[in-house]
Amino acid sequence: MMLVPCEVATKCVLPVVRAMIAKELVTKHALKQVEVAKVLGVSQPAVSLYYREIRGRAIDLENDRAVKILIQKLTASLAEGNLSHKDFIPMFCEICRTIRAKGLMCKLHKAFDPGIDIEECELCSAIATECI
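Numbering of the sequence shown is given in this note's numbering, commencing with residue 21 and proceeding in unit increments.
Be aware that a few hints might be false.
What the hints assert, rightly or not - Subject to a maximum C-alpha distance of 30 Å in a straight line, what follows is the list of computed BS3-like cross-link-like pairs (lysine-lysine):
no.: 1; residue 1: Lys31; residue 2: Lys93
no.: 2; residue 1: Lys48; residue 2: Lys88
no.: 3; residue 1: Lys52; residue 2: Lys106
no.: 4; residue 1: Lys48; residue 2: Lys122
no.: 5; residue 1: Lys31; residue 2: Lys58
no.: 6; residue 1: Lys130; residue 2: Lys58
no.: 7; residue 1: Lys88; residue 2: Lys43
no.: 8; residue 1: Lys31; residue 2: Lys48
no.: 9; residue 1: Lys43; residue 2: Lys58
no.: 10; residue 1: Lys93; residue 2: Lys127
no.: 11; residue 1: Lys88; residue 2: Lys58
no.: 12; residue 1: Lys43; residue 2: Lys130
no.: 13; residue 1: Lys43; residue 2: Lys31
no.: 14; residue 1: Lys93; residue 2: Lys43
no.: 15; residue 1: Lys58; residue 2: Lys48
no.: 16; residue 1: Lys31; residue 2: Lys122
no.: 17; residue 1: Lys130; residue 2: Lys31
no.: 18; residue 1: Lys127; residue 2: Lys88
no.: 19; residue 1: Lys52; residue 2: Lys88
no.: 20; residue 1: Lys31; residue 2: Lys106
no.: 21; residue 1: Lys130; residue 2: Lys88
no.: 22; residue 1: Lys106; residue 2: Lys88
no.: 23; residue 1: Lys106; residue 2: Lys122
no.: 24; residue 1: Lys93; residue 2: Lys122
no.: 25; residue 1: Lys31; residue 2: Lys52
no.: 26; residue 1: Lys93; residue 2: Lys52
no.: 27; residue 1: Lys58; residue 2: Lys106
no.: 28; residue 1: Lys31; residue 2: Lys127
no.: 29; residue 1: Lys52; residue 2: Lys130
no.: 30; residue 1: Lys93; residue 2: Lys58
no.: 31; residue 1: Lys88; residue 2: Lys122
no.: 32; residue 1: Lys106; residue 2: Lys93
no.: 33; residue 1: Lys106; residue 2: Lys48
no.: 34; residue 1: Lys43; residue 2: Lys122
no.: 35; residue 1: Lys48; residue 2: Lys130
no.: 36; residue 1: Lys31; residue 2: Lys88
Source of the hints: derived by calculation from the structure; they are not laboratory data.
Predicted model, so just to flag it, every value in this text is computed and none were measured.
Can you build the whole structure from these sequences, using the hints too?
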């Protein structure tokens, strides 16, 4: 099965990023799970699964400094309540572009599409700067 990188990101990376955002909003910004669910447009049970690390575990992004900084910036803006939908999307997409550009989801992509040569593929690093 040939999957494009955005499909892998949607299936695997998006839930991880949401989980990181949810945990940060609850732990560092003292938002209730119901408030986080409303902000992220997901259900409170989904936030609970993210928080308990039951959902959003396909890839470990916790140790990537650049990703964590971007998530911290996004969550701070979300917690302040001054982030419009129009501003949220580019910030979220920047996180995804960073993950792709750094090659952090290549092994996941290879798991879905064994035909990809992750040693030779430069698709995400080339496209990451062009996507919005």
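Review point. Has the given pair, Lys43 with Lys130, been kept, meaning a C-alpha gap of at most 30 Å?
Key: 28 Å, holds
Review point. Within 30 Å, alpha carbon to alpha carbon, are Lys130 and Lys31?
Key: Given pair Lys130, Lys31 holds - Cα atoms ~14 Å apart, limit 30 Å.
Check your understanding: Given the hinted pair Lys31 and Lys58, is their alpha-carbon gap at most 30 Å?
Key -> 21 Å, holds
Review point. Does the structure keep Lys43 and Lys58 at a Cα separation of 30 Å or less?
Key: 14 Å, holds
Check your understanding: CA of Lys106 to CA of Lys122, is that 30 Å or under?
Key -> Given pair Lys106, Lys122 holds - Cα atoms ~25 Å apart, limit 30 Å.
Review point. Holds or violated: are the alpha carbons of Lys43 and Lys122 at most 30 Å from each other?
Key: Holds, at about 23 Å.
Practice item. For the pair we were handed, Lys52 and Lys130, check the Cα-Cα distance against 30 Å. Key: 37 Å, violated
Check your understanding: Lys93 and Lys127: Cα distance at most 30 Å?
Key -> 27 Å, holds
Point to revise | Restraint status (C-alpha distance of Lys31 to Lys48 at most 30 Å) | key: Status holds; Cα separation ~27 Å.
Check your understanding: Given the proposed pairing of Lys52 with Lys106, does the C-alpha separation stay at or below 30 Å?
Key -> Given that 30 Å is the threshold and the Cα spacing comes to 24 Å, the pair holds.
**Study point:** Restraint status (C-alpha distance of Lys31 to Lys52 at most 30 Å)
**Key:** 26 Å, holds
Practice item. Compare the distance between the alpha carbons of Lys31 and Lys122 with 30 Å, and conclude whether the hinted pair is satisfied. Key: Roughly 18 Å between the alpha carbons, so the hint for Lys31 and Lys122 holds.
In this structure, the earlier hints numbered 6, 29 and 35 are contradicted, and the remaining ones agree with it.
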